[in-house]
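Number of protein chains: 2
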Amino acid sequence: MRQVRRWHFNKRPKQDIEPDTLVLREEPLAALKDGEFLVRSVYLSMDATNRLWLGDLDLYMAPVSLGAPMIGFLAGEIIESRHPDFPVGSLAAGLKPWADFVVSDGSDMQLMPNIPGLKMADAFGILAVAGPTALVGLMEIGRPKPGDTVVVTAAAGAVGMLVGQIAKIHGCRAIGIAGGAEKCRWLTEEFGYDAAIDYKSENVVERLRQLAPDGIDVHFENVGGEMLDAGLTVMKDFGSVVICGLISTYNSAEPVPGPRMFRNLIMRRLRVEGFVILDYAARYPEFQAKLAQWMLEGRLHYRLHVVDGLDNAVDALKLLYSGGNQGKVMVRIGAEP
Amino acid sequence: MRQVRRWHFNKRPKQDIEPDTLVLREEPLAALKDGEFLVRSVYLSMDATNRLWLGDLDLYMAPVSLGAPMIGFLAGEIIESRHPDFPVGSLAAGLKPWADFVVSDGSDMQLMPNIPGLKMADAFGILAVAGPTALVGLMEIGRPKPGDTVVVTAAAGAVGMLVGQIAKIHGCRAIGIAGGAEKCRWLTEEFGYDAAIDYKSENVVERLRQLAPDGIDVHFENVGGEMLDAGLTVMKDFGSVVICGLISTYNSAEPVPGPRMFRNLIMRRLRVEGFVILDYAARYPEFQAKLAQWMLEGRLHYRLHVVDGLDNAVDALKLLYSGGNQGKVMVRIGAEP
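Chains as they are written, first to last, in full-length UniProt numbering: chain A, 1 to 337; chain B, 1 to 337.
No wet-lab data here; the hints were simulated from the structure.
Some hints could be false.
Which copy is meant is left open, so a pair is good if it fits within one copy or across any two.
Simulated pairs of lysine to aspartate or glutamate, DMTMM-like, Cα-Cα distance not exceeding 25 Å [to be verified]:
hint: 1; residue 1: K236; residue 2: D279
hint: 2; residue 1: K236; residue 2: E254
hint: 3; residue 1: K236; residue 2: D56
hint: 4; residue 1: K236; residue 2: E140
hint: 5; residue 1: K236; residue 2: D58
hint: 6; residue 1: K318; residue 2: D308
hint: 7; residue 1: K119; residue 2: E140
hint: 8; residue 1: K119; residue 2: D85
hint: 9; residue 1: K119; residue 2: E18
hint: 10; residue 1: K318; residue 2: E18
hint: 11; residue 1: K14; residue 2: E202
Please work from the sequences and hints to get the whole structure.
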């Protein structure tokens, strides 16, 4: 019987993820039944929202139960199949356990689109979660017009590095906020941002006022807390605020108060709207086709931060909350086919 | 020379309005110039937002300057005119000083629509501010569908008492939150609400969960603070939250933190949107025609809380923040013509 190594949710963390929050176990894997297929894991996506699944607050989906396998977006190669639509040798992706092998009946995995010219790392790193999130958040929720000023927090992160470029493709001005001089350099030199603000060394509100003297049209929020307050302070009348993520609050067991400048929803007549990319599954082909085309045309630049080995998955996840990541974090569990 | 009694902004209050915040002074009134007209004040509207104009935070309009006359929505009878479009005997309304006589050049006052069958108190009390605010907030910002569950805070207040009825006219279910058994009785017996919650004696979240087991589709917020948190907690996925007012925060000199359940913008994928009725001036005729028709058909019920005498204007305003008002607060400065 095949053995599988799988991370399990062992103990609920109070704040930051702790050494015993998740544990890696080796377990036997039952033989495939009719209608199932076996996937050898290649890449596992690390997303800020994963931390929320370890809490016990009311979420947009059921959290991970204590004792159950930890899950995430995973892609791999089908190496055995008793499902006619999922042939051996194809690539499949879906929300699955953190494990070196996973089994699916096709209800929770989809075949990965085969895009000539894109490596699997790029296709999965950008097209699985970050790209659709950036595209939907900016264009469907933020809805900027050409000429608008778009501000993005965590702009050097997986989603943020794409939002600025999509804004530029649509004729907007893009201002990114990130932590540290190096990340700020990426924003303007690699990711097409018109300007970058280093929140670690600059007064964000002052710099936003200088860079957007007429105010922000669309604020794309990945962080929450002080960053969101800065954006709300400098919004233009009738602007929109996209709540994509609130990573600054995800390590807290209790709800964190909303922004102090909440009153600006009235003062500036703002629309503030949250979204979850899982709701857009049916439109993924459309989003992925658009993103892939931009990638192949060289119009979307990005950094992938690949951590090797399933053993290192927890450390990889923690990079997101320390800001230690350099681009989109993913774990390489096995070799690309 | 005619004398006018006028309230002036004397000293910025720290929190609640203080005895020396506004002072009443008698002053000479210059003779009319060409293009001006003189209005004998009849009604002055008291609106929660007035308190904001006495602060020094960034608002949706310029605040009242220290030393300047306090302003509000006012209606009166034109008793002298050197403006061809504003004849003597007509009624005019606009954002004007709290005074027993006001002068206008027509740029800041409009003729009141003449609606046969409506008394001036009703026409002004409902059609000047509260009615358009309720209509725009619910239908243009909240946009409920028939069958939706609409929750309204400060539901016995000037705007809230109308929102529930407009929701019912549009085929929605309306739940109102108010303070005290008497106001809750009005909600269901006079203002057409399907259910009322007394926040002074009931657990609002629990009651909302009972009354809206599938969640709230549209939450209409007049209060902020705990009330808004209760609504956010019980929102349905993809619901909308109308930020009409945040009266619980208006007596604070500093920005008050936003709702603790802000994260539910993501978890429930909410649209939260603020508005200011002043932005809709151009559409007032449309709104007033619709509201007046409902009033004449007996489909809109309301209570007017009329306080007599310009001397009592400050006490009238303070009723809004203590919850001591019984319906729409207005000051009768002079007799109806």
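List of violated hint numbers, smallest to largest: 7, 9 and 11
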